[in-house]
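Can you build the whole structure from these sequences, using the hints too?
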Amino acid sequence: MSLLSPERMRSADGDGYARSPGSYREMEAEPQRDSYNYVASSENHAVRGGDTPDGETNLYGQGSHSYDSPEEPNGSGDYAPPSLLPQRPSKLYFKPALILRGHKRGVAAVKFSPDGKLIASCSADCTIKVWDAQTGKHQHTLQAHLAGISTIAWSPDSKMLASGSDDKSIRLWDVASGRAHRTPLVGHHNYVYSVAFSPKGNMIVSGSYDEAVYIWDVRSARVMRTLPAHADPVSGVDFVRDGTLIASCSHDGLIRIWDTATGQCLRTLVHEDNAPVVGVRFSPNGKYVLAWTLDSCLRLWNYIEGRAIKTYQGHKNLKYSLGGCFGIYGPGRTHPLPPPLQLPRYDDDDSEYNGHAGQRQDQAAQPIAYAFIASGSEDGAILLWDPNKVKGHEGAVLGVDAHPTESVLVTAGMDGTVRVWRHDGAAAAREAEEAAKEEQRRAAREVALLEAPTPTPTTADVRMTDYETAEG
Amino acid sequence: MNLSLLDPFVLAQDLPEALVGRLRSGHSTSIQFSHRGDYLASGRLDGVVIIFDIETNGVARKLRGHTHQVQSLSWSANDRCLLSAAHDWKCILWDLKDGSRLRTVKFEAAVFIAELHPKNHFIFAAALFEEQPMLVDMTGDVPIKRTLPTVPRRTEAERETISEKQAAQDAKQTTTVIAFAPSGDHIYTGTNRGWVNIIATATRQTLYSTRVTNNILVLIRVAPSGRSAVINSTDRIIRTLHLPDLSGDSGNVDFDNPRLVEVEHKFQDLVNRLSWNHAAFSSGSSGEYVAASTFMNHDIYVWERAHGSLVKILEGPREELSHLEWHPCRPFVAAVGVDSGRVYLWSILTPQRWSALAPDFVEVDENVEYVEREDEFDIQPLEELHKRRLDLEDEHVDVLTVVEPAADHANGKAAGAGDASSARAAAAQFQMPILLDIEQSDSEDEVIAVGAGQFRRKSPGQGREWMAEVGDVVAGSGAGMGANGSGTGTPLAGASGDEAGGGGSVGGGRRNGGKRRRE
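Going down the list, the sequences are from chains A and B.
Our numbering numbers the first residue of the first sequence as 3 and each following residue consecutively.
Our numbering numbers the first residue of the second sequence as 6 and each following residue consecutively.
Among the clues, some could well be false.
Lysine to any residue pairs mimicking SDA-like chemistry, simulated, CA-CA at most 20 Å apart [to be verified]:
#1 B:Lys124 <-> B:Ala184
#2 B:Lys317 <-> B:Arg278
#3 A:Lys119 <-> B:Pro438
#4 A:Lys161 <-> B:Leu440
#5 B:Lys317 <-> B:Val25
#6 B:Lys271 <-> B:Asp240
#7 B:Lys67 <-> A:Ser222
#8 B:Lys177 <-> B:Asp100
#9 B:Lys124 <-> B:Asn220
#10 A:Lys106 <-> A:Leu148
#11 B:Lys150 <-> B:Arg209
#12 A:Lys161 <-> B:Leu441
#13 B:Lys102 <-> A:Asp117
#14 B:Lys392 <-> A:Asn276
#15 A:Lys161 <-> B:Arg278
#16 B:Lys392 <-> A:Arg309
#17 B:Lys177 <-> B:Pro148
#18 B:Lys392 <-> A:Val272
#19 A:Lys161 <-> B:Val25
#20 B:Lys102 <-> B:Glu113
#21 B:Lys67 <-> A:Arg224
#22 B:Lys392 <-> A:Asp176
#23 B:Lys102 <-> A:Asp159
#24 B:Lys124 <-> B:Thr160
#25 B:Lys102 <-> A:Asn276
#26 B:Lys392 <-> A:Ile311
#27 A:Lys161 <-> B:Asp103
#28 A:Lys97 <-> A:Lys139
#29 B:Lys150 <-> B:Ala207
#30 A:Lys161 <-> B:Lys102
#31 B:Lys102 <-> A:Asp176
#32 A:Lys161 <-> B:Lys111
#33 B:Lys392 <-> A:Asp275
#34 B:Lys392 <-> A:Glu274
#35 B:Lys102 <-> A:Ser222
Quick look at which bits of chain A chain B covers, simulated, 3 or more residues with Cβ under 8 Å [what the hints assert, rightly or not]:
#36 135 to 141
#37 208 to 214
If you are wondering where the hints come from, they were derived from the structure by calculation, not from laboratory data.
C-beta atoms are modelled at their ideal positions from N, C-alpha and C, and glycine is treated no differently.
Put into structure tokens, the structure is as follows:
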């Protein structure tokens, strides 16, 4: 239970959470980890927003039985290279900036467009909503799916969305007009659970409850290749940044790495505990994969050597496919994540191609940036980890995505809202000074990365009481 | 990023093995890989240019503007622009961002080959039918055409001794093939009398000439390194040439040295006396292998250049193959079928490694005695294990820094050119937009479904409505076609000596003529 510090508990009570900018609190680093008081929820949750009738949903439930109480990770986890410490912000302050309401049911996934201008969210209410990332203005509601939508993906040029639904189809949407492309991608025999665009936008990979991974040709809306991937529902798929590899994961506990060109399995990653894997993502540089498992762990794998090299804990993940992402922070935080191998630039001016060669400004020396890993949690928190410090700090939710260039996070949860979090630079600077002083006084102290007040799921009334009783 | 996971034996393979796929959209007549190797441009008999995405084997773009068979295609260095030359005496420069026509250049004769300058996509060189070759500058809206010389450059001594007849013959030559050196500063041309000329792009003066054969040259290609070329001629021999290093200051090159360009290998089939339709260097900057498609035969021959020996014969479909292209960075060959107009693809076959499917499986060549570890079956407390596992996780990870593989395969060709970095930077920036429903727009397939299992051939004019907007072309098309018919065979008929069995199909006559011209 004690993931949440007392302050956080209070901030999260009832309806007072997350509204005013002042309501966030800094959180002390060391969350005590006792055993989890996992209370099996009897609510009619749709798993990841899907319309699955209750009872069938508990595909994830098995995870809770095999769950071991998490070890206190290695006490002084402070092995970040000292050379990096001076410029490194010791804490991140994400303040709630926007709450986007409109979905009638749980929101299963939320994604920033690659150009950072839009946010798309998909929900069990069979709709996708597109919002302006800056103002939060609602732009479009995309309707055509006949069942809940579990997953969305932006095309690399930010013009198209792909969505996978429990109606077994994948649809492509023109974001500008808000209309569905007339040919859905049909072929899966069961709920589509995860989709990802290739970096060039010419292919889509999808994972489904039919245990297969399909690779689609976007242009013709036809299946290019089917991979007999897994022995249980496929819960996550992702493309590596140059598009040559695909990662898939499944409830059978395996993560597989596939060669896009030949469709062959190149690696299988499996952890000893064999916990169901519910999400997988390549790191921005493509060297690692990050996998969510239903033993409340996030593991970073070196897939080339086939080893799990980091385990991130602190969140609660026993039932849902939680969302998460890699993000960046640091002095040069306007520096984007490493772009996909070929950065699409459709909007550059055409002068160069009309004979007047314009010297294109080369990407300047990249400012220093640090990575964080963000994940939702079933107790309503959002957690950010420094990839090199395996301690969890905080906590919430089904969908999390980081802005490609700015310190902005967007999250979505079962309460049907989408929330935008902006990094508070002033507070961070203030805190950085203090932290620097403190650092001098007390070296080797683990520092909290993030404080985020809890966006409480509406369904969390029940949970709140759980917390209270647990606390009491 | 997949290189570190692939079987090194598969990676070490540099020759394609087997027919792995085919592409179809109309009747293709000429093909060209983009520099990055992710697209294949295909020019069709009906003048439409198709861009295939070879990752998906689907059509990425259709470019409509020619009214007759497309003869040659050339990509700009950043793969954003494509120059197409067709039998309608036109060259069109396309912008693949939106499929628009940036420039249209008309000639007074049919175009054999038009190749873009490697660094400036507003300059191209063209070899014309029975005309002097041209260097065209399209920077302005009105293209500036400059004539390139064909007459070989004779040394002083030769000039004095040359007979009048010879001089007259020199003057009568026409340039049949043309190619840029990778730097773009020089142009290699070949004539119908077997001469190879080196022409300076800036001054348009012939710097050097040598005669490699007495027959017509029908193909010249320069390897990305610029140090070798492959030449096909009508004497049934494919020659590879050593070229001088022209990339640096060309002042150092002694153009008076008669042995500046030398024949390295002569590839021929002495037994079957095959003649060759088309040839290509293998991937990589130097072109270790040479592949050639055969006339009146279904196979592709592959020779290696170190010893000049035949290393492979790729068996193909039951069809003669004409235009042949080797992928710029993979053991992957594409060739056009003469009769069907399909594009056939050869590549390597990669077997699934079963050990990849189960991480605790290992593939061993022979039986191995298993020695158990000392503590393998010890019972250890679960928490202890868990803790130990977490303690091991003290590795520093960097999830952001991108480490590019040392040998960047994807840019093999660009890297071979002198300006590796700039070409790569430019290439890295353009990405073709993804068009949906492009295949449904495939209205010019000759056969259309009219019911369950029933098909009929489309009426000739159908699906060509777009031509109306071309306007002037409609009027000129008849004349163009006539010249086409009469002109096509004349210079090269003896050359390839082929009359491909009369064709038999509706488009047969035109097709054969077209094919020969490209060869």
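Here is how each hint holds up against the structure:
no. : hint                  : in the structure
1   : B:Lys124 <-> B:Ala184 : holds, 13 Å
2   : B:Lys317 <-> B:Arg278 : holds, 17 Å
3   : A:Lys119 <-> B:Pro438 : holds, 19 Å
4   : A:Lys161 <-> B:Leu440 : holds, 11 Å
5   : B:Lys317 <-> B:Val25  : holds, 16 Å
6   : B:Lys271 <-> B:Asp240 : holds, 11 Å
7   : B:Lys67 <-> A:Ser222  : holds, 14 Å
8   : B:Lys177 <-> B:Asp100 : violated, 37 Å
9   : B:Lys124 <-> B:Asn220 : violated, 32 Å
10  : A:Lys106 <-> A:Leu148 : holds, 15 Å
11  : B:Lys150 <-> B:Arg209 : holds, 12 Å
12  : A:Lys161 <-> B:Leu441 : holds, 12 Å
13  : B:Lys102 <-> A:Asp117 : holds, 18 Å
14  : B:Lys392 <-> A:Asn276 : holds, 17 Å
15  : A:Lys161 <-> B:Arg278 : violated, 56 Å
16  : B:Lys392 <-> A:Arg309 : holds, 16 Å
17  : B:Lys177 <-> B:Pro148 : violated, 27 Å
18  : B:Lys392 <-> A:Val272 : holds, 19 Å
19  : A:Lys161 <-> B:Val25  : violated, 33 Å
20  : B:Lys102 <-> B:Glu113 : violated, 30 Å
21  : B:Lys67 <-> A:Arg224  : holds, 19 Å
22  : B:Lys392 <-> A:Asp176 : violated, 49 Å
23  : B:Lys102 <-> A:Asp159 : holds, 13 Å
24  : B:Lys124 <-> B:Thr160 : violated, 32 Å
25  : B:Lys102 <-> A:Asn276 : violated, 47 Å
26  : B:Lys392 <-> A:Ile311 : holds, 14 Å
27  : A:Lys161 <-> B:Asp103 : holds, 15 Å
28  : A:Lys97 <-> A:Lys139  : holds, 19 Å
29  : B:Lys150 <-> B:Ala207 : holds, 14 Å
30  : A:Lys161 <-> B:Lys102 : holds, 15 Å
31  : B:Lys102 <-> A:Asp176 : holds, 18 Å
32  : A:Lys161 <-> B:Lys111 : violated, 37 Å
33  : B:Lys392 <-> A:Asp275 : holds, 14 Å
34  : B:Lys392 <-> A:Glu274 : holds, 14 Å
35  : B:Lys102 <-> A:Ser222 : holds, 19 Å
36  : 135 to 141            : violated (count 0)
37  : 208 to 214            : violated (count 0)
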